[in-house]
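Given the sequences, and given the hints that come with them, work out the whole structure.
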Amino acid sequence: MPELPEVEVVRRGLARWVRGRSVTGVEVLDPRSIRRHALGTEDFIGNLEDATVLDVVRRGKFLWMPLAVTSTTGATPNITETAPGDHLPKAALMAHLGMSGQLLMQDPDVPDEKHLKVRIKLSPAEGMPEQLRFVDQRIFGGLFVTSLVPTPDGGPGGLGETPLPEIAEEAAHIARDPLDPFFSFDVFYRKIKNRKTGIKRALLDQSVISGIGNIYADEALWRARLHYARATETMRRADAERLVEAVKDVMQAALAAGGTSFDSLYVNVNGDSGYFSRSLNAYGRAGELCSRCEGTGLHSIMKREQFMNRSSYTCPVCQPRPRNGRW
Numbered sequence: 440m441p442e443l444p445e446v447e448v449v450r451r452g453l454a455r456w457v458r459g460r461s462v463t464g465v466e467v468l469d470p471r472s473i474r475r476h477a478l479g480t481e482d483f484i485g486n487l488e489d490a491t492v493l494d495v496v497r498r499g500k501f502l503w504m505p506l507a508v509t510s511t512t513g514a515t516p517n518i519t520e521t522a523p524g525d526h527l528p529k530a531a532l533m534a535h536l537g538m539s540g541q542l543l544m545q546d547p548d549v550p551d552e553k554h555l556k557v558r559i560k561l562s563p564a565e566g567m568p569e570q571l572r573f574v575d576q577r578i579f580g581g582l583f584v585t586s587l588v589p590t591p592d593g594g595p596g597g598l599g600e601t602p603l604p605e606i607a608e609e610a611a612h613i614a615r616d617p618l619d620p621f622f623s624f625d626v627f628y629r630k631i632k633n634r635k636t637g638i639k640r641a642l643l644d645q646s647v648i649s650g651i652g653n654i655y656a657d658e659a660l661w662r663a664r665l666h667y668a669r670a671t672e673t674m675r676r677a678d679a680e681r682l683v684e685a686v687k688d689v690m691q692a693a694l695a696a697g698g699t700s701f702d703s704l705y706v707n708v709n710g711d712s713g714y715f716s717r718s719l720n721a722y723g724r725a726g727e728l729c730s731r732c733e734g735t736g737l738h739s740i741m742k743r744e745q746f747m748n749r750s751s752y753t754c755p756v757c758q759p760r761p762r763n764g765r766w
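Using the numbering used here, you'd call the opening residue of the sequence shown number 440 and step up by one each time.
It should be emphasised that the hints constitute simulated quantities derived from the structure, not laboratory data. Keep in mind that a hint or two might mislead.
[As the list claims (entries may be wrong)] Cut-off 25 Å, straight-line C-alpha distance, at most; resulting in silico cross-link-like pairs (DMTMM-like, lysine to aspartate or glutamate):
no.	residue 1	residue 2
1	K630	D688
2	K635	E608
3	K635	E684
4	K630	E600
5	K635	E744
6	K529	E565
7	K553	D592
8	K630	D619
9	K560	D482
10	K560	E466
11	K632	E680
12	K529	E481
13	K553	D469
14	K632	E684
15	K687	D548
16	K632	D688
17	K687	D619
18	K529	D548
19	K635	E600
20	K630	D678
21	K630	E608
In structure tokens:
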């Protein structure tokens, strides 16, 4: 499953290619990939054709494209005047990548991929590919048109090029992610202090902080020298600040590398895989020397333990298990 850095890499690529361009045609080659659009194929196409893509926005792992809808064929709400001279989009194309979904920008002369599901044709733009293609081998992902609603805190819905106080309805319940300029450490700290759980479980809770998956949770906890079972109610402010900074550092490093790619099915909009997996310090390193302890002359072996039907990787020396830990 792509994590936040992977989705952000895709967002940045899409923003470069699709912002300000109109949809001139839509082909749904496999209706299973738009099954989340409850009103069916005809409505999906009707909402997209003649619409203009205003931006590409991400919160956590959720990705959507606000639309200036000029067609009245579809049933999704159109642009609505909310104040004199102020028009906000009320519809968006939502993309869920699932396990193997890919959003690729390609020209018409590029042969179709074997698992091409949806083709979106865009208005011509000099030097830019003319088609946005959704490819999905395992068909766990999909596209659908959804409504945009006001954000609860009045801030931008997520990270985008043109911040608007609107958020895709399906993403309205999740917390801001650590790369969001409007992320609040105080809100995050208050949430974890009010819970009686382990810190890794809290990091994976999208209502506490969004966008952190198993890989980056392990990496951030390693950098912060915290064990995954550390009880959230015992977290001092300094510990929590160190952890949030570690999360941000890991995410930024992953972004610089193009994301973490263990699977050839994850690629960005240009078809390139990420390479942060080569820089992991914790995840997947069971039985290897802890790179931090090794630098100090210690020979601590990384451990793998079962956690929430997944795996957690820790160093028993620099991430000691707390006596009264929580899962």
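Here is how each hint holds up against the structure:
This hinted pair checks out: K630 and D688 have alpha carbons roughly 22 Å apart, not beyond 25 Å. Of the supplied pair hints, the one linking K635 and E608 is violated, its CA atoms being roughly 29 Å apart against a limit of 25 Å. Between K635 and E684, the direct Cα distance comes to roughly 22 Å. Compliance with the 25 Å bound is thereby established for this hinted pair. Only pairs whose Cα atoms come within 25 Å are accepted, and K630 paired with E600 is rejected, the gap being roughly 29 Å.
For the given pair, K635 sits about 21 Å from E744 by alpha-carbon distance, which is consistent with the 25 Å threshold. Of the pairs offered as hints, the one joining K529 and E565 is violated, with about 29 Å between alpha carbons and a cut-off of 25 Å exceeded. For the given pair, K553 sits about 43 Å from D592 by alpha-carbon distance, which is inconsistent with the 25 Å threshold. As the CA atoms of K630 and D619 are separated by approximately 17 Å, the hinted pair is consistent with the 25 Å bound.
Proximity of K560 to D482 is assessed by CA-CA distance (about 17 Å); at most 25 Å being required, the pair is judged to hold. Straight-line distance between C-alpha atoms of K560 and E466 comes to about 8 Å, which keeps the hinted pair within the 25 Å bound. With a C-alpha separation of about 13 Å, the suggested pair K632 and E680 falls inside the 25 Å cut-off, and the hint holds. Of the supplied pair hints, the one linking K529 and E481 holds, its CA atoms being roughly 19 Å apart against a limit of 25 Å.
A hinted pair counts as satisfied when its Cα atoms are at most 25 Å apart, and K553 with D469 qualifies at roughly 12 Å. For the hint pairing K632 with E684, the CA-to-CA distance comes to about 18 Å; that is within 25 Å, so the pair holds. At roughly 40 Å between alpha-carbon atoms, K687 and D548 are farther apart than 25 Å, so this suggested pair is violated. For a cut-off of 25 Å, the pair hint linking K632 to D688 stands: about 23 Å separates their Cα positions.
A distance of roughly 10 Å separates the Cα atoms of K687 and D619; the hinted pair therefore holds under the 25 Å criterion. Taking the CA atoms of K529 and D548, the gap is near 34 Å; set against the 25 Å cutoff, the hint is violated. Distance check on the hinted pair: K635 and E600 sit about 37 Å apart at the alpha-carbon level, beyond 25 Å; violated. Restraint check for K630 and D678: satisfied, since their Cα atoms lie roughly 15 Å apart, inside the 25 Å limit.
Taking the CA atoms of K630 and E608, the gap is near 22 Å; set against the 25 Å cutoff, the hint holds.
The structure shown violates the earlier hints numbered 2, 4, 6, 7, 15, 18 and 19.
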